[in-house]
Amino acid sequence: ETGVTQTPRHLVMGMTNKKSLKCEQHLGHNAMYWYKQSAKKPLELMFVYSLEERVENNSVPSRFSPECPNSSHLFLHLHTLQPEDSALYLCASSQEAGQGADTQYFGPGTRLTVL
Amino acid sequence: AQRVTQPEKLLSVFKGAPVELKCNYSYSGSPELFWYVQYSRQRLQLLLRHISRESIKGFTADLNKGETSFHLKKPFAQEEDSAMYYCAHNDYKLSFGAGTTVTVRA
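Taken in sequence, the protein lines are chains P and R.
Each position in the first sequence, counted from 1, maps to that position plus 3 in my numbering.
Each position in the second sequence, counted from 1, maps to that position plus 46 in my numbering.
Please keep in mind that the hints were generated in silico from the structure rather than gathered at the bench.
A few of these clues could be false.
[Said to hold, decoys possible] Covered stretches of chain R (chain P as the covering partner; in silico rule of three or more C-beta atoms under 8 Å from a C-beta of chain P):
1) 90-99
2) 141-151
[As the list claims (entries may be wrong)] Dumping the calculated SDA-like pairs for lysine to any residue here, alpha-carbon to alpha-carbon at most 20 Å:
3) K43(P) - A129(R)
4) K39(P) - Q91(R)
5) K103(R) - V59(R)
6) K103(R) - K139(R)
7) K55(R) - E47(P)
8) K43(P) - L56(R)
9) K43(P) - S141(R)
10) K39(P) - Q88(R)
11) K111(R) - Q124(R)
12) K139(R) - V15(P)
13) K44(P) - K103(R)
We put the CB at the ideal spot given by N, CA and C, even for glycine.
With the rest of the complex left out, here is chain P (with noise of 0.2 Å):
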């Protein structure tokens, strides 16, 4: 599959579990993005990563854990979540990240419902 894929589309998950999503890029980018968007919000930057190094933490709370372990996997690692959490979550990728109109391509999203 081309562009940005997301795994999985849907999750739903207790506020004791732990869960991961995924997000692959087959583009060659080199900058990777998490995104949250909820219905009371507009979509909000969560994480940069520029060639696997985490550039940009937008004050995400630790429950959140992302993990980059190359320039086409980005991951975001999910414990203890709150009910408030749920949202749908978008990764993006780049080709650099710091470029001034550089586009981004997104995923379809995983839907996040936390009990």
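Assemble the complex: chain P is given as a structure, and chain R must be docked to it using the hints.
Showing chain R alone in chain P's frame:
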């Protein structure tokens, strides 16, 4: 704080009527502005960016530095234009406005 503002959450127009989505920014210097669109059951995708000065699907957006605006316009809306539209600024990371849901009615 630097930000992007989309004052309209919802916008409803009739097919064939003009549509304008407002976007204002508060960044200094030369902003890099984009419009992203999310159609129903599709992923968020780039619609257009100001540096390209292009028209995509009949939409145009002009950067007005005097008014600090980047409004999106289309002279004749189509039903397939119904979607969520986000204005965004990219100065290292994308900062999105709250989005405007457009409904084009027959």
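These are the hints, each one checked on the structure:
no., hint, in the structure
1, 90-99, "holds (count 5)"
2, 141-151, "holds (count 5)"
3, K43(P) - A129(R), "18 Å, holds"
4, K39(P) - Q91(R), "16 Å, holds"
5, K103(R) - V59(R), "17 Å, holds"
6, K103(R) - K139(R), "26 Å, violated"
7, K55(R) - E47(P), "17 Å, holds"
8, K43(P) - L56(R), "14 Å, holds"
9, K43(P) - S141(R), "16 Å, holds"
10, K39(P) - Q88(R), "16 Å, holds"
11, K111(R) - Q124(R), "29 Å, violated"
12, K139(R) - V15(P), "29 Å, violated"
13, K44(P) - K103(R), "28 Å, violated"
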